[in-house]
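Undergrad: Just so we're aligned, residue 1 is where the sequence shown starts under the working numbering, counting upward by one.
Honestly, I wouldn't trust all of these hints.
To be verified - Now the in silico label distances, taken between C-beta atoms and shown as ranges:
1) Thr186 x Phe379: 17 to 23 Å
2) Lys107 x Leu345: 54 to 60 Å
3) Asn402 x Tyr49: 31 to 37 Å
4) Ala280 x Gly245: 28 to 34 Å
5) Phe65 x Met1: 30 to 36 Å
6) Lys188 x Asn368: 25 to 31 Å
7) Asp312 x Pro284: 46 to 52 Å
8) Phe283 x Ile72: 29 to 35 Å
9) Val118 x Thr186: 18 to 24 Å
Unchecked claim - Result set (EDC-like, lysine to aspartate or glutamate): computed pairs, CA atoms no more than 16 Å apart in a straight line:
10) Lys407 x Glu361
11) Lys113 x Glu33
12) Lys270 x Asp312
13) Lys355 x Glu130
14) Lys184 x Glu353
15) Lys184 x Glu103
Quick caveat, the hints were computed from the structure, so don't treat them as lab data.
We treat Cβ as the ideally placed atom computed from N, Cα and C, and that holds for glycine.
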Amino acid sequence: MFLRNLLFIFLILQPFVDKLSKKAGAEINIFNEMLSIAVLIGLVVIYAYRKRANNLILVVLAFIFYCSFLVIWRQIFPLGFFQIIIYSQFFFYFLYFHSLSEEVKHKTLISFKRIMSVFVIVIACLAFFEAYDHTTFRNFLGVHSVKRGINYFYLISFFGSGPSLSIFLFIYILIWHYIHYALKVTIKKLDIAMVVLAAILAILTFSRKEVLFIFLFLIFFPYPTRNQLNKWIKRGVFFFAVFLGLSVYYITFFGVANSTALNPDYVRWKIVSKSFEIYADHFPFGSGPGTFGSRTSLMMDHIYQRYNVGQDLLGWEAINSRGPIYDAFLFSFITEIGIGIFIFLFFIYKLFEGKTILNSEYSRFTKNFLLFFTISLSFFVPMFTNNFGFIIMAFLGLMISNVSVFKFRRWYAKA
1 MFLRNLLFIF
11 LILQPFVDKL
21 SKKAGAEINI
31 FNEMLSIAVL
41 IGLVVIYAYR
51 KRANNLILVV
61 LAFIFYCSFL
71 VIWRQIFPLG
81 FFQIIIYSQF
91 FFYFLYFHSL
101 SEEVKHKTLI
111 SFKRIMSVFV
121 IVIACLAFFE
131 AYDHTTFRNF
141 LGVHSVKRGI
151 NYFYLISFFG
161 SGPSLSIFLF
171 IYILIWHYIH
181 YALKVTIKKL
191 DIAMVVLAAI
201 LAILTFSRKE
211 VLFIFLFLIF
221 FPYPTRNQLN
231 KWIKRGVFFF
241 AVFLGLSVYY
251 ITFFGVANST
261 ALNPDYVRWK
271 IVSKSFEIYA
281 DHFPFGSGPG
291 TFGSRTSLMM
301 DHIYQRYNVG
311 QDLLGWEAIN
321 SRGPIYDAFL
331 FSFITEIGIG
341 IFIFLFFIYK
351 LFEGKTILNS
361 EYSRFTKNFL
371 LFFTISLSFF
381 VPMFTNNFGF
391 IIMAFLGLMI
401 SNVSVFKFRR
411 WYAKA
């Protein structure tokens with residue numbers, strides 16, 4: 001348990017470590033990969049001890065073999081192989097945590113929630129300093145301000161970005177519900193205060209997508225009630241209040257950002273356009289792992305040179321920004337691996353299909369919403385390759401009881 005808790009703490013701190021390493025001038029950071037190696041070793045030990053493995057490993061191996069074929073065919077080794085390792089980490093976390101016993105899974109979930117609660121308190125304490133002098137705080141982390149929030153005030157905490165902080169808080173709110181409704185851990189006044197605090201902190205990040213997902217989760221979560229009519233009346237009133245609140249929130253603070261997003265010159269639309277252009281020339285298999293919009297693509301830039309991808313998409317090193325090229329991740333991911341995306345999506349589908357350990361509507365809704373959130377946010381954020389994606393896969397592994405490649409669920413049957 002101690003090592004799993006330590007791993008979880010390191011995963012949460014990964015963005016902070018990344019910011020410090022960049023500030024120190026490190027050209028490469030393999031902190032995530034070191035954690036993933038530890039997870040892989042743990043997985044191998046468990047499989048070796050049990051002398052059997054979940055047949056989902058076949059899907060993972062199929063994905064790795066397909067990408068390896070693509071790397072050899074496109075002659076983009078050795079960096080192409082390194083990108084395959086980066087992509088494969090996503091699978092390792094699910095397989096490892098899914099391999100634990102049910103009793104250990106429940107204890108781990110409760111322990112992880114306590115750890116996240118401590119971090120929420122830390123984030124709240126740092127928020128006071130950010131409110132007092134956010135410029136000094138951001139300079140310490142080596143990040144620049146963007147046009148967001150109230151006169152450039154928006155929370156980033158030790159994550160170094162508002163969206164990253166809000167993703168963490170979304171996961172906390174979701175796991176809070178799973179612990180207290182699915183696992184039926186008693187809700188105390190402090191627990192209520194913590195989840196309300198997390199929601200307030202998330203709003204103060206001024207992150208559009210993540211805040212929207214938080215309130216969508218809260219609106220549609222199947223809270224227990226004895227009277228179905230009262231349930232839907234309360235939900236309707238809550239929905240109306242949230243709709244009004246979010247409308248004011250988005251119009252007041254994101255008017256310029258929303259109009260910019262609809263502009264044809266918006267950076268994400270440019271990346272999507274380049275993705276279609278590159279994939280059309282590399283149809284149907286893709287340009288290969290590590291060639292467009294991925295981490296190693298910045299070290300293997302022949303595609304960028306060939307298609308005239310400039311610094312407006314790649315980011316400007318002068319302000320320590322390498323973000324834009326990652327901001328339409330799912331499109332660039334498909335551009336790289338082509339029809340291999342169907343192998344990846346088949347893995348995700350099997351997780352949707354998988355039964356939860358606790359056969360309750362709370363656990364099923366939480367598991368499915370977590371997957372929905374991951375896929376949706378992947379259109380904008382590299383959720384399959386960052387620490388938050390790994391955390392989500394760990395939680396999914398802890399929630400799901402069994403999932404089989406060879407069995408398909410009858411969706412019209414009762415779950």
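Undergrad: Hints first: check each against the structure and report whether it holds.
TA: Do the hints match the structure? See the list:
{"no.": "1", "hint": "Thr186 x Phe379: 17 to 23 Å", "result": "38 Å, violated"}
{"no.": "2", "hint": "Lys107 x Leu345: 54 to 60 Å", "result": "32 Å, violated"}
{"no.": "3", "hint": "Asn402 x Tyr49: 31 to 37 Å", "result": "19 Å, violated"}
{"no.": "4", "hint": "Ala280 x Gly245: 28 to 34 Å", "result": "43 Å, violated"}
{"no.": "5", "hint": "Phe65 x Met1: 30 to 36 Å", "result": "35 Å, holds"}
{"no.": "6", "hint": "Lys188 x Asn368: 25 to 31 Å", "result": "28 Å, holds"}
{"no.": "7", "hint": "Asp312 x Pro284: 46 to 52 Å", "result": "29 Å, violated"}
{"no.": "8", "hint": "Phe283 x Ile72: 29 to 35 Å", "result": "19 Å, violated"}
{"no.": "9", "hint": "Val118 x Thr186: 18 to 24 Å", "result": "19 Å, holds"}
{"no.": "10", "hint": "Lys407 x Glu361", "result": "22 Å, violated"}
{"no.": "11", "hint": "Lys113 x Glu33", "result": "24 Å, violated"}
{"no.": "12", "hint": "Lys270 x Asp312", "result": "10 Å, holds"}
{"no.": "13", "hint": "Lys355 x Glu130", "result": "43 Å, violated"}
{"no.": "14", "hint": "Lys184 x Glu353", "result": "24 Å, violated"}
{"no.": "15", "hint": "Lys184 x Glu103", "result": "15 Å, holds"}
Consistency note: the structure conflicts with the earlier hints numbered 1, 2, 3, 4, 7, 8, 10, 11, 13 and 14.
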